[in-house]
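Peer 1: For the sequence shown, the UniProt record's numbering begins at 1 and goes up steadily by one.
Zero decoy hints are in this set.
DSS-like mimics (lysine-lysine), calculated; alpha carbons at most 30 angstroms apart, straight line:
hint, residue 1, residue 2
1, LYS41, LYS4
2, LYS4, LYS20
3, LYS34, LYS20
4, LYS34, LYS4
5, LYS20, LYS41
With beta-carbon atoms standing in for the labels, derived distance ranges:
hint, residue 1, residue 2, range
6, GLN19, HIS111, 45 to 53 angstroms
7, LEU71, LYS34, 13 to 21 angstroms
8, GLU284, GLY224, 32 to 40 angstroms
9, VAL157, PRO112, 22 to 30 angstroms
10, LEU291, SER66, 49 to 57 angstroms
11, LEU43, ASP133, 31 to 39 angstroms
12, GLU173, GLU284, 44 to 52 angstroms
13, ALA38, VAL157, 45 to 53 angstroms
14, PRO52, THR276, 55 to 63 angstroms
15, ILE225, ASP133, 29 to 37 angstroms
Treat the hints as calculated values from the structure; they're not laboratory data.
The beta-carbon is built from N, C-alpha and C at its ideal position, and this holds for glycine as well.
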Amino acid sequence: MDLKAVRAFVAIADAGQFQKAAVDLSLTQQAVSKRIAALEKDLGVRLLVRTPRGAELTIDGQVLLSHARALLQAEERAVAAVRPGERALRVDVVGRRAAPAGLVRDFHRAHPDIALDVVTLFDANTAVTAVRDGAVDATFRAVTMPGRRLPDGIEAVPVLDEPLRLCVGPDHEFFRAASVTPAQLAGHRIWMPGNVPGTEWSAYYDELAETFGPSIDTIGPNFGIEALLDTIAGSSTLATFLSERTPLVWPADHDLRLVPLRDPTPVYPHSLLWRTDNPHPGLEALRDHLLATRPRLTEGEVWKPAWAVTW
1 MDLKAVRAFV
11 AIADAGQFQK
21 AAVDLSLTQQ
31 AVSKRIAALE
41 KDLGVRLLVR
51 TPRGAELTID
61 GQVLLSHARA
71 LLQAEERAVA
81 AVRPGERALR
91 VDVVGRRAAP
101 AGLVRDFHRA
111 HPDIALDVVT
121 LFDANTAVTA
131 VRDGAVDATF
141 RAVTMPGRRL
151 PDGIEAVPVL
161 DEPLRLCVGP
171 DHEFFRAASV
181 TPAQLAGHRI
191 WMPGNVPGTE
201 WSAYYDELAE
211 TFGPSIDTIG
221 PNFGIEALLD
231 TIAGSSTLAT
241 FLSERTPLVW
251 PADHDLRLVP
261 LRDPTPVYPH
271 SLLWRTDNPH
281 PGLEALRDHL
291 LATRPRLTEG
301 EVWKPAWAVT
311 W
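Construct the complete structure from the given sequences, taking the supplied hints into account.
Peer 2: If you want it as structure tokens, here you go:
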């Protein structure tokens with residue numbers, strides 16, 4: 001059914017007159033009459049009869065009225081669901097234990113009035129496509145990977161350079177080190193079974209390995225972070241990269257340690273990506289918050305891939 005005609009029908013039922021309904025709808029009485037005639041033709045029944053006092057519902061009109069109101073209410077809900085500022089801001093954070101999830105949590109604490117829908121998309125191609133197609137409003141990614149460009153209409157701004165730490169168990173030779181340089185990691189096994197080829201984080205660690213010489217071991221299967229830490233805790237040769245921003249708790253008997261990396265400090269470059277024509281007001285608020293609160297690294301030199309977007 002034509003919702004404009006349904007709206008005219010409900011307006012007449014409420015007003016009791018074609019003329020008053022036309023005024024309420026900012027239409028001519030002739031236009032309202034045409035809409036009712038079209039609706040009656042579509043349904044094959046008479047809905048209204050004119051009387052000296054105005055218009056009355058037929059039996060069929062009385063039956064239709066409650067359904068017509070429900071149709072208009074459904075239309076209002078549908079429009080509100082996608083109206084900028086009415087629906088939740090949909091943001092991809094890569095993983096709920098990743099640093100971007102913490103950034104979005106901080107944003108929510110600062111702006112509890114802005115509804116959020118937080119999702120986790122796996123790789124950059126999927127995330128960028130989702131932004132381009134409007135499936136999400138924004139995503140956090142390391143951009144741009146070697147040989148790739150962002151599609152037209154999508155912008156990126158760096159929001160966090162996340163310092164890496166070397167995670168080792170008590171038997172590892174670097175366990176008691178005050179800090180370690182990336183060059184000291186040459187030849188050491190860094191176990192990262194979650195590094196899937198083609199992902200932006202795999203590209204990042206490949207370049208780190210090429211630059212400083214550690215052996216990035218991606219042999220799986222990947223049973224998750226808990227199983228990874230169990231193995232690191234009992235190994236004298238394996239280490240992995242983590243961040244102090246990664247919210248992890250491990251058993252006390254693991255005695256794991258996050259050793260600072262210095263001279264230079266490898267940082268993982270997180271950027272916020274969004275579509276330039278996205279009008280959601282929450283997106284602007286998120287961008288402003290991230291830029292106002294992004295931390296600045298002031299201690300020593302940092303390293304990140306040449307292809308990463310810089311400040």
